[in-house]
Amino acid sequence: MQLVFSAADVAAIVQPLFSKGATLETIRDIASLGAAKTGDLSFLGNPKYKTEVASTAASVVLLPPDYAGEPAPGQQFLFVEKPSVALARVCARIEQLLWPKPVAGVHPTAVVASSARVASNATIGPFCVIEEGVVVGERTHVQAQVFIGRNATIGADCWLMPGVVVTSECVLRDRVRLHAGVVVGADGFGYEFVAGRHEKVPQVGNVVIENDVEIGANSTLDRARFSQTVVGEGTKIDNLVQIAHNVRIGRHCLICSQVGISGSTTVEDYVVLGGQAGLAGHITVGKGSKIDGQSGINSDLPPGSFMKGSTALPYNLEQRINVLRKRIPDLFKRVDALESGLADLKKPSAPSQS
Amino acid sequence: MQLVFSAADVAAIVQPLFSKGATLETIRDIASLGAAKTGDLSFLGNPKYKTEVASTAASVVLLPPDYAGEPAPGQQFLFVEKPSVALARVCARIEQLLWPKPVAGVHPTAVVASSARVASNATIGPFCVIEEGVVVGERTHVQAQVFIGRNATIGADCWLMPGVVVTSECVLRDRVRLHAGVVVGADGFGYEFVAGRHEKVPQVGNVVIENDVEIGANSTLDRARFSQTVVGEGTKIDNLVQIAHNVRIGRHCLICSQVGISGSTTVEDYVVLGGQAGLAGHITVGKGSKIDGQSGINSDLPPGSFMKGSTALPYNLEQRINVLRKRIPDLFKRVDALESGLADLKKPSAPSQS
Amino acid sequence: MQLVFSAADVAAIVQPLFSKGATLETIRDIASLGAAKTGDLSFLGNPKYKTEVASTAASVVLLPPDYAGEPAPGQQFLFVEKPSVALARVCARIEQLLWPKPVAGVHPTAVVASSARVASNATIGPFCVIEEGVVVGERTHVQAQVFIGRNATIGADCWLMPGVVVTSECVLRDRVRLHAGVVVGADGFGYEFVAGRHEKVPQVGNVVIENDVEIGANSTLDRARFSQTVVGEGTKIDNLVQIAHNVRIGRHCLICSQVGISGSTTVEDYVVLGGQAGLAGHITVGKGSKIDGQSGINSDLPPGSFMKGSTALPYNLEQRINVLRKRIPDLFKRVDALESGLADLKKPSAPSQS
Numbered sequence: 009m010q011l012v013f014s015a016a017d018v019a020a021i022v023q024p025l026f027s028k029g030a031t032l033e034t035i036r037d038i039a040s041l042g043a044a045k046t047g048d049l050s051f052l053g054n055p056k057y058k059t060e061v062a063s064t065a066a067s068v069v070l071l072p073p074d075y076a077g078e079p080a081p082g083q084q085f086l087f088v089e090k091p092s093v094a095l096a097r098v099c100a101r102i103e104q105l106l107w108p109k110p111v112a113g114v115h116p117t118a119v120v121a122s123s124a125r126v127a128s129n130a131t132i133g134p135f136c137v138i139e140e141g142v143v144v145g146e147r148t149h150v151q152a153q154v155f156i157g158r159n160a161t162i163g164a165d166c167w168l169m170p171g172v173v174v175t176s177e178c179v180l181r182d183r184v185r186l187h188a189g190v191v192v193g194a195d196g197f198g199y200e201f202v203a204g205r206h207e208k209v210p211q212v213g214n215v216v217i218e219n220d221v222e223i224g225a226n227s228t229l230d231r232a233r234f235s236q237t238v239v240g241e242g243t244k245i246d247n248l249v250q251i252a253h254n255v256r257i258g259r260h261c262l263i264c265s266q267v268g269i270s271g272s273t274t275v276e277d278y279v280v281l282g283g284q285a286g287l288a289g290h291i292t293v294g295k296g297s298k299i300d301g302q303s304g305i306n307s308d309l310p311p312g313s314f315m316k317g318s319t320a321l322p323y324n325l326e327q328r329i330n331v332l333r334k335r336i337p338d339l340f341k342r343v344d345a346l347e348s349g350l351a352d353l354k355k356p357s358a359p360s361q362s
Numbered sequence: 009m010q011l012v013f014s015a016a017d018v019a020a021i022v023q024p025l026f027s028k029g030a031t032l033e034t035i036r037d038i039a040s041l042g043a044a045k046t047g048d049l050s051f052l053g054n055p056k057y058k059t060e061v062a063s064t065a066a067s068v069v070l071l072p073p074d075y076a077g078e079p080a081p082g083q084q085f086l087f088v089e090k091p092s093v094a095l096a097r098v099c100a101r102i103e104q105l106l107w108p109k110p111v112a113g114v115h116p117t118a119v120v121a122s123s124a125r126v127a128s129n130a131t132i133g134p135f136c137v138i139e140e141g142v143v144v145g146e147r148t149h150v151q152a153q154v155f156i157g158r159n160a161t162i163g164a165d166c167w168l169m170p171g172v173v174v175t176s177e178c179v180l181r182d183r184v185r186l187h188a189g190v191v192v193g194a195d196g197f198g199y200e201f202v203a204g205r206h207e208k209v210p211q212v213g214n215v216v217i218e219n220d221v222e223i224g225a226n227s228t229l230d231r232a233r234f235s236q237t238v239v240g241e242g243t244k245i246d247n248l249v250q251i252a253h254n255v256r257i258g259r260h261c262l263i264c265s266q267v268g269i270s271g272s273t274t275v276e277d278y279v280v281l282g283g284q285a286g287l288a289g290h291i292t293v294g295k296g297s298k299i300d301g302q303s304g305i306n307s308d309l310p311p312g313s314f315m316k317g318s319t320a321l322p323y324n325l326e327q328r329i330n331v332l333r334k335r336i337p338d339l340f341k342r343v344d345a346l347e348s349g350l351a352d353l354k355k356p357s358a359p360s361q362s
Numbered sequence: 009m010q011l012v013f014s015a016a017d018v019a020a021i022v023q024p025l026f027s028k029g030a031t032l033e034t035i036r037d038i039a040s041l042g043a044a045k046t047g048d049l050s051f052l053g054n055p056k057y058k059t060e061v062a063s064t065a066a067s068v069v070l071l072p073p074d075y076a077g078e079p080a081p082g083q084q085f086l087f088v089e090k091p092s093v094a095l096a097r098v099c100a101r102i103e104q105l106l107w108p109k110p111v112a113g114v115h116p117t118a119v120v121a122s123s124a125r126v127a128s129n130a131t132i133g134p135f136c137v138i139e140e141g142v143v144v145g146e147r148t149h150v151q152a153q154v155f156i157g158r159n160a161t162i163g164a165d166c167w168l169m170p171g172v173v174v175t176s177e178c179v180l181r182d183r184v185r186l187h188a189g190v191v192v193g194a195d196g197f198g199y200e201f202v203a204g205r206h207e208k209v210p211q212v213g214n215v216v217i218e219n220d221v222e223i224g225a226n227s228t229l230d231r232a233r234f235s236q237t238v239v240g241e242g243t244k245i246d247n248l249v250q251i252a253h254n255v256r257i258g259r260h261c262l263i264c265s266q267v268g269i270s271g272s273t274t275v276e277d278y279v280v281l282g283g284q285a286g287l288a289g290h291i292t293v294g295k296g297s298k299i300d301g302q303s304g305i306n307s308d309l310p311p312g313s314f315m316k317g318s319t320a321l322p323y324n325l326e327q328r329i330n331v332l333r334k335r336i337p338d339l340f341k342r343v344d345a346l347e348s349g350l351a352d353l354k355k356p357s358a359p360s361q362s
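Protein chains in written order, with my numbering: chain Z, 9 to 362; chain V, 9 to 362; chain C, 9 to 362.
Check before you lean on any hint, since a few could be wrong.
Since the list gives no way to pick out one identical chain from another, each pair is judged satisfied if it fits inside one copy or across any two copies.
In silico SDA-like pairs for lysine to any residue, Cα to Cα no more than 25 Å straight-line [stated by the list, open to error]:
1) K295 x N219
2) K208 x Q104
3) K298 x D308
4) K28 x V143
5) K298 x E33
6) K90 x D344
7) K295 x A43
What the hints contain is simulated information worked out from the structure, not anything from laboratory work.
So that you can see chain Z by itself, here it is in the shape it has in the complex:
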């Protein structure tokens, strides 16, 4: 990304309470205080970096109103209520430049079935396949090389990035973002073992993704055996995550990269799952629980649980055990010594040496 903002452009976006100093530099990038160079915008987002402001080379710095220092020559300080929020506003402006609003309409190369209903202000990009009975909502952007299967429904203001696959009968509500390579509605992993072979159990349910869900690149969500696999409103899912059939995920969860959730498990609202955590099937993780990275959960958890380890224990207990683990080799030696010591005491007293 190459920005070409003037300091005045930045000020127009962040609307500072007041400012100090001035710069004629074109702002071309954003950087942390320590890494910033001339022409960069930086910010004091965390008070612990306060001492770095005085030495930063950034041309424009976003600061809280109580910051007392003075800018260097050719440097401008913009004082705002919350520097991190102000920075987010600058980033949102940049994002519009990176991802300009697509032109509405169906690209001439796209293959759209005659019975599909695509909103007139939606965008269907090159090499997309939209099958029979599909609905694509208002202002939705189906970017490129996307596949949407028979009778799937995509809501308004969604964004399906290149290579996304949404299979037959699946439903996306509004403002859903699927990053490149996401697969919604692959078959659940269900077989019956009959006469020495795994016979397929047909997977005839679907996947429903509620409003404001975002799903990271190459994640996979399986359709239900029957009824629905559900991702609740506002939940955010990172890259390479696996959601099995009939899983029900609540609202406003955060599911980090490479998590795996096995079939028919329920994750209640506001749960946070750390990277590479694994959940067994047919369990419930209670509301607001936090699961540390790489943890393995094999049984129901009450609301507000905080777990770590594989198999997981309560976080504080697991951390204590982790500290003690290092001393296990020593513990074995201590028990050896205790056994020797006790044996010595038990021996019939040897004749006195003296």
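On the provided structure of chain Z, position chains V and C as indicated by the hints.
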């Protein structure tokens, strides 16, 4: 999915031994006994849910012949030998509606090399690329946006879903199903460290996938350094699984999501690998072994092994250790106390208090 | 792969110091000494397999000059300085047959924006989308169904395989190989929790991939929140790996399959990360460190660290603990016995039995 079956349609599919009651409801969905509503089909698949039959709102219920209760008004019971098998038959019928038989032929947008041989009753969907020398067998469905590289061979009755990539020289036998985003035949991860750099070792083998294999979305299978990476007949692989170069997987294995199998490892017939398990390279996992989720296997396992943990131990031992782990902090205190106690005893006897 | 080399063709590639015996067989495959059949090429890459040379059925065998045995009738020995290097040369030749040099030019089905600059000797394959402002360097091969977003820059001699997605503003230097399904530049996983909802933090940085990097199938690399996510020169990344936003990976690292690296973490040069290892965010793994498979790293590591376990400990300590873990159930029993024994000793002496 919206079904529109009458109760008579369901009966025609499951062919009940006998029935009780009657309903005029249109059957529109399938649900568990507890979740079912009017218009749903439900079933008693597991005796432990027997008590839920009396209160289910399902309009049609599949039951074993020895179930003694009576249907509610407007509810129909269909008695069948095995309700779960009967349900699977209904699901299979629904599946045909979800995934109707594709029309044979090559979509006008597909790019098919002149030397490729595509069976006349096969289907090649939009935006597929079929390179020189490829063979596509009878009734195989290459769905959309699929890539099949030079000289690859795809058998009969296969189904390659959107975005699948099968690279040059790879072989799929018959009735192989590859879900969206599967990559068959990426290069194995092989380098020689020469003069401070990793020099690529060319990967010139291929991948062979035997009959009746199914592979889940976004899984990856690497081509062999030389000779073959093999997946045996009837083996089922879930989503986001990694199969490295020169791995040999036997017949009728189940490999759950996010498993990783390192290079040159052999997995014998009927092995089950739980989700997120990892297998080191150059080892053999014996026939019929079961590996629990998140386990790590670093050495050969004899047939019938049942392992858990990272690094894995026999399942029962690992479970016992998991129970004892919680008491490790206490164990350290007990050893502290023992040391004090023993030291007290060893002390030269203090003058008697009495 | 079906080779059709004569023994003379092989000799022309490996240029032997001298040879013994002769064969008229056509060389059709490569196999290990034990697995080789008539018509195969084999090699003695590791002295421990020396005894297998006498009984191998391979028609041509690559051997070190000091190997003393004689070929069987119809078998040819080719003596070379380093058999594994000689074999790699044969494989490199085979690789050229598998992956013939693509014809330069833009496939008529590709959608290339008018402002994109594609080198005249580059290849853009079918169904690729090249957006505005993209640069594609000399001899680069954009194979099929690839998406390259606005203003992305791809260097010379790169190879982007089917289904690859490189999003807006990302940069690949020269000789970068991306296997099928790789996603470069998905959004980082960043949200601010505001009023009970996760509000998106725009991700406006990019990804920069330096010279000679290779990335395996379906791996994902997220764009930076701001500034850059970087993969250093010569680093090799396996399949299904997750690289989060603002990660900085050094030069000549090896990152095995299914590794996950969390946001803002730095991996210095020559680090090796075993399969399924996970790195927490905002940490630094020092130069030349080795992390065993499935390990979890939560804090900074000095250069040259060798770690194992989750949470990881120094490799040798973790291995010792792994050995002792099996004896933990016994340890609890020993401590029980010690407590009983000590209690007995502390008891006021019972009246003598004798």
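- Which earlier hints turn out false for this structure, listed by number in ascending order? Per hint list: 4, 5 and 6 violated.
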